[in-house]
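Fit chain B to the known structure of chain A by using the hints.
So the sequence lines, in the order shown, correspond to chains A and B.
Going by my numbering, the first residue of the first sequence is number 1, and it counts up by one from there.
Going by my numbering, the first residue of the second sequence is number 1, and it counts up by one from there.
Any given hint could be a false lead.
Among chain B residues calculated to face chain A with C-beta under 8 Å, some are [claimed, not checked]: (1) Val2; (2) Ile3; (3) Leu5; (4) Tyr7; (5) Arg11; (6) Asp13.
Among the chain A residues that face chain B by a calculated CB cut under 8 Å, a handful are [to be verified]: (7) Lys43; (8) Cys50; (9) Met54; (10) Ile167; (11) Leu171; (12) Leu174.
Honestly, the hints are just simulated from the structure, not real lab data.
Glycine is no exception: its CB is placed at the ideal position from the N, C-alpha and C atoms.
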Amino acid sequence: MGMAMASGSQTVSLPHRPYSITAGFLSYLVPGLGQIYQGRKGKGILFLVCLLTMFLTGTAMGGWRNVYLPDPEAYPQTIVRLPFAGALELKGPVKALFMRVQYLGQFWIGVAAWPALWQYNELYVPSENANPFLHNLQRFPADENKLNQELTDSDKTPDVAWVLTVIAGVLNILVVYDAYAGPAFLLPIRTAGMALQKEAVA
Amino acid sequence: MVISLVYSATRYDPWGAILVETGRWILRMTTFLGGIGAFLYLLATFI
Chain A
1 MGMAMASGSQ TVSLPHRPYS ITAGFLSYLV PGLGQIYQGR KGKGILFLVC LLTMFLTGTA
61 MGGWRNVYLP DPEAYPQTIV RLPFAGALEL KGPVKALFMR VQYLGQFWIG VAAWPALWQY
121 NELYVPSENA NPFLHNLQRF PADENKLNQE LTDSDKTPDV AWVLTVIAGV LNILVVYDAY
181 AGPAFLLPIR TAGMALQKEA VA
Chain B
1 MVISLVYSAT RYDPWGAILV ETGRWILRMT TFLGGIGAFL YLLATFI
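The following block holds chain A by itself, in its conformation from the complex (with noise of 0.2 Å):
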């Protein structure tokens, strides 16, 4: 640790907080909640409002339908070439990434996005006329060209709403790290006299 006198008080390196994979996995569920679990309840309350209502909203100005895994089936044969590796057909969660890499974004929000998994596997889910929400909540469209024909037609929003989304998505990543290994820069923190601020132990 770097030790520094001036005029009385000294500067003290923080050690780096430890890893903690439970609190990284706690931000992956539910952005925040890792550090809240470390006691850090301000910022985890500031992510946990701040990704969430932005995903939220970015899905809700979408309709609810910007956020999905669709069907690999419902597309035909998908080679990629390669450089160097030939070509490769895509199949099953890999070719239903490539049709909507947008959802390599969004997974990252945690359970938010779950719903679209549990649609993709074709879990359990309420009949359309039991509760329509919950039968269409992220479930891939019936008619994805009429979808794309509709987002062709209409103003921005749709196209800002996604990337509400993916960007919520991608800002958790950085979170998950934040509740895993702490803070990209650990500030020294001036001390009175030898005793430690407690302020600055997070």
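Relative to chain A, chain B alone:
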């Protein structure tokens, strides 16, 4: 602003440092967008 705040909060722990970094990012983005706006305005005016 929300994105700047969240990003800055992942860089630092003390709230003072978070808010200072957020302010810096807002300034950078405003300057950048303002520069682009000014350039486009000049382009539209004189060309």
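Hint-by-hint comparison with the structure:
Nearest Cβ of chain A to the Cβ of Val2 of chain B: about 5 Å, under the 8 Å cut. The hint holds. Look at Ile3 of chain B: its Cβ gets to within about 7 Å of chain A, closer than 8 Å, so that hint holds up. With a cut of 8 Å, the hint placing Leu5 of chain B at the interface with chain A holds, because the nearest CB-to-CB distance is about 7 Å. Residue-level restraint check for Tyr7 of chain B holds (minimum Cβ-Cβ distance to chain A is 7 Å; threshold 8 Å).
Interface restraint check for Arg11 of chain B: the shortest CB-CB distance to chain A comes to about 5 Å, inside 8 Å, so the restraint holds. Taking 8 Å as the C-beta contact cut-off toward chain A, the hint placing Asp13 of chain B at the interface holds, the least distance being around 5 Å. For the restraint placing Lys43 of chain A at the interface with chain B, the shortest Cβ-Cβ distance is roughly 5 Å, inside the 8 Å limit, so the hint holds. The criterion of a C-beta within 8 Å of any C-beta in chain B is met by Cys50 of chain A, whose closest approach is roughly 5 Å, and the hint holds.
For Met54 of chain A, the shortest C-beta to C-beta distance to chain B is roughly 6 Å, which falls under 8 Å, so the interface hint holds. The closest approach between the C-beta of Ile167 of chain A and any C-beta of chain B is roughly 7 Å, which is under the 8 Å cut-off, so the hint is satisfied. Checking Leu171 of chain A against chain B by beta carbon gives a least distance of about 5 Å; that is within 8 Å, so the hint holds. At a threshold of 8 Å, the smallest CB-CB gap from Leu174 of chain A to chain B is about 4 Å, leaving the interface hint in force.
Taken one by one, the earlier hints all hold for this structure without exception.
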